[in-house]
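Sequence lines, in order, name chains A and B.
Here UniProt numbering is used: position 107 in the first sequence is 107, and no number is missing along the way.
Here UniProt numbering is used: position 347 in the second sequence is 347, and no number is missing along the way.
In case anyone wonders, no lab produced these hints; they're calculated from the structure.
Do not take every clue at face value.
All copies of an identical chain are treated as equivalent in the list; a pair is satisfied when it fits inside any one copy or across any two copies.
Straight-line C-alpha distance at most 20 Å; calculated SDA-like pairs for lysine to any residue [claimed, not checked]:
{"#": "1", "residue 1": "K322", "residue 2": "L270"}
{"#": "2", "residue 1": "K452", "residue 2": "E440"}
{"#": "3", "residue 1": "K60", "residue 2": "E440"}
{"#": "4", "residue 1": "K60", "residue 2": "L437"}
{"#": "5", "residue 1": "K446", "residue 2": "G218"}
{"#": "6", "residue 1": "K452", "residue 2": "D173"}
{"#": "7", "residue 1": "K287", "residue 2": "E298"}
{"#": "8", "residue 1": "K322", "residue 2": "P273"}
{"#": "9", "residue 1": "K287", "residue 2": "T246"}
{"#": "10", "residue 1": "K287", "residue 2": "A411"}
{"#": "11", "residue 1": "K452", "residue 2": "R317"}
{"#": "12", "residue 1": "K86", "residue 2": "R125"}
{"#": "13", "residue 1": "K60", "residue 2": "N453"}
{"#": "14", "residue 1": "K322", "residue 2": "A11"}
{"#": "15", "residue 1": "K322", "residue 2": "R266"}
{"#": "16", "residue 1": "K287", "residue 2": "G247"}
{"#": "17", "residue 1": "K118", "residue 2": "L102"}
{"#": "18", "residue 1": "K339", "residue 2": "V295"}
{"#": "19", "residue 1": "K360", "residue 2": "D258"}
{"#": "20", "residue 1": "K446", "residue 2": "P231"}
{"#": "21", "residue 1": "K287", "residue 2": "M223"}
{"#": "22", "residue 1": "K287", "residue 2": "E297"}
{"#": "23", "residue 1": "K446", "residue 2": "D393"}
{"#": "24", "residue 1": "K446", "residue 2": "G458"}
This structure is a prediction, so every number in the text was calculated from the model and none was measured.
There are 2 protein chains.
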Amino acid sequence: MSGGWERVIPAFRSVCGEDGVSLGEAVREQHGRDESVHRCRPPDVVVWPRSVEEVSALAKICHHHHLPIIPFGTGTGLEGGVGALKGGVCFSLRNMDRVLDLHQEDFDVSVEPGVTRKGLNSYLRDTGLWFPVDPGADASLCGMAATSASGTNAVRYGTMRENVLNLEVVLADGSIIHTAGRGRRPRKTSAGYNLTNLFVGSEGTLGVITKTTLRLYGVPEAMVSAVCTFPSVQAAVDSTVQVLQTGVPIARIEFLDDVMIDACNRFNLLSYPVAPTLFLEFHGTEKSLEEQVTVTEEITQANGGSDFSWARDAETRGRLWKARHDAWYAALALRPGCKAYSTDVCVPLSRLPQIIVETKEDLMLNRLTGPIAGHVGDGNFHCIMVMDPNDQDEVIRVHEFTERLARRALALDGTCTGEHGVGLGKRALLREEMGPLAIEVMQGLKTTLDPKNLMNPGKVL
Amino acid sequence: MSGGWERVIPAFRSVCGEDGVSLGEAVREQHGRDESVHRCRPPDVVVWPRSVEEVSALAKICHHHHLPIIPFGTGTGLEGGVGALKGGVCFSLRNMDRVLDLHQEDFDVSVEPGVTRKGLNSYLRDTGLWFPVDPGADASLCGMAATSASGTNAVRYGTMRENVLNLEVVLADGSIIHTAGRGRRPRKTSAGYNLTNLFVGSEGTLGVITKTTLRLYGVPEAMVSAVCTFPSVQAAVDSTVQVLQTGVPIARIEFLDDVMIDACNRFNLLSYPVAPTLFLEFHGTEKSLEEQVTVTEEITQANGGSDFSWARDAETRGRLWKARHDAWYAALALRPGCKAYSTDVCVPLSRLPQIIVETKEDLMLNRLTGPIAGHVGDGNFHCIMVMDPNDQDEVIRVHEFTERLARRALALDGTCTGEHGVGLGKRALLREEMGPLAIEVMQGLKTTLDPKNLMNPGKVL
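Chain A on its own, in the form it takes in the complex:
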């Protein structure tokens, strides 16, 4: 479609009002919130629907006019998922921001797409419940569902895949479905095909998620954090495997390599030993924490780990974890004025030492800055690639490095993305990972649900 906007804009305005449709400046503002390093690809129009009915009506207009639809939550995705490759209409969902249907006794809640995870947890503050999936950014929960996000707590509480009970989705033709049936929220079901988990991780390419029903958890009675340094990556990973094997229900177990720790020390004026390090968090009752910590410390010490640095109260825990939480900014501060791109591979636990050691050698050899932080309990880790976007040679070296890293993960039975998704840049890697026949199946599903290829085109497949 070109030159036809004058026919469509009034139709959009009749759905969501004068204020609900924007061109020009607002488009750039909206798109500026895409935090990934992928090149800015602004849409032609931004619409701001206020209800699922408006989303549906807008989708019908787009469907009729063959206009691409790009769903937009907070723009905190890392793989260019909100770029409008073919122009089209960005559905910005921040005006749909209600928390709906909190059922405390049933440990579930529904949220509209404008609700972020911090927003939800603040809403839940006095209920004794929380939603633990934590990708770092204060992302929208529907966006987290769309990208199958996870993060530091996944080793204990699972990813979005395990924590979404139901989704309301507007399909490409504007029809509204509920993936587990309207209003349903049993904790388990085997009723028909698992549509919920087909849309979780579909990155906006199969429909617009307009409501997510989530599992909640009781806030743990107590939390303890600890930090422990190791003589080698192997020792840190061995400790992780043994902790998991003993069944300690550890809530977070995060790995930072020496380069990352060094960056954190500089950024936060800390003095952690510059060595492979685990950041740990335990959730439970006071008494169970004691035991979890004792068992874990026995294991880490048997693997040559240092004594634990401890934190019990919220403030000290915050300070202790600050290094981990600020890793992104600490990495960026290594080279002021540079941009960062985070890789995201995931391998079976036993393969972690090999891939991390090889990756560090690769970084050295290619003169690249890429401190490593990882959700080691899941075998998932990131190199935060800090680079000068104006240095074409470096940009190419980073690109080639990330492809080598992904292929290294594939060669070790792993995946090219543990939690960031495929988006724009990993489509070729996805083909290698899945093989042509499985890709054909995915393509078949996409065509069935979106025959005109209007839903976030150019992503995933």
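Take the given structure of chain A and dock chain B to it, following the hints.
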């Protein structure tokens, strides 16, 4: 196809040998292992492939000749999933019975379709690992994946949905795919559409599962079992909610109603009080068990529960749980010569007291025998309907009762099946549960993957 078997049988034999193809007696023998009450619907032919290549070659022959394919594991499903409604070819997979690629450090293993859960756990005995999903029957693990099975441990360890990492699947046209890519087994991934969970729970209607890669868990250091009786269903459910809310990582929390307890007492010569009862199991370290039990007992007593009956060593635990494990047979023994059918609804926890009380009234009013056993931590429960299959009036009353029960669950935000699947009998209920548009989406997925409708036709949709 009629009268054309003489052309097809030799082709089958050329794939899997003389012994690998059967008609007549073997068909009846095979089909006799379907343990559901659904009417026996034998296939025309049974084939016994020995490898995925043979499954693929056989599927190609069926595809060419438009012959239905009915995958068969152990025949322990409860919703008639192995009935050959349109005749066709039963793929009996018991000759593919290898445990493959055990990775102890990575907590994963792959199994062929002939491997049952007990078989796998016996294989794992000396590794310190186990696979906890336990639907009761010694089902094949690939069959459990196909039906999205779960059972007593799901409250802690999840269902098959959370524990399958990868599937090898032969599609209707004979092509072989790996839902997470060949040989891949990362603990988490966000690489493309979640094909794994599309096939988990698809009940053989989208493809034949020929290999499943599973998550394993460390065997808990210790286990404790307990039994506790309550003055009311409400008190038992309130206890359950509070236990979950405090974050006690309870491994099993099973509800038996007074009728079920009475049946168990008679069958096993026990003397439990005839009242709503919880059977509990705790997994952990010795020390953590103490605390789990103390916290739980405080909660149950605050809700009017009895003192716990205790069991620590394996033998006493076995004796204590015998009542629960034998529930099916205890129910059958209430009326010798009768058959049983298990209902399977699942509702949000807070709705359990209402639905159980109403259901018990319904049973009384309609003079039906239906003791109740449930995985109360998930909101999932079963009425074991004991009936005389020759009493047409009773059969009709049972049928009408089970539909009312399912609709009661739907009205309370629940599902018509928590773990048994849709199979043959719940297709109409599935439509009510999902709504016409979501059913249309499911039908679209089915048509994309199996355009000739050869895969287990007449099930699910």
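#### Entry: Hint check, failures only
Hints 5, 10, 11, 12, 14, 18, 20, 23 are the ones this structure does not satisfy, whereas the remaining hints hold.
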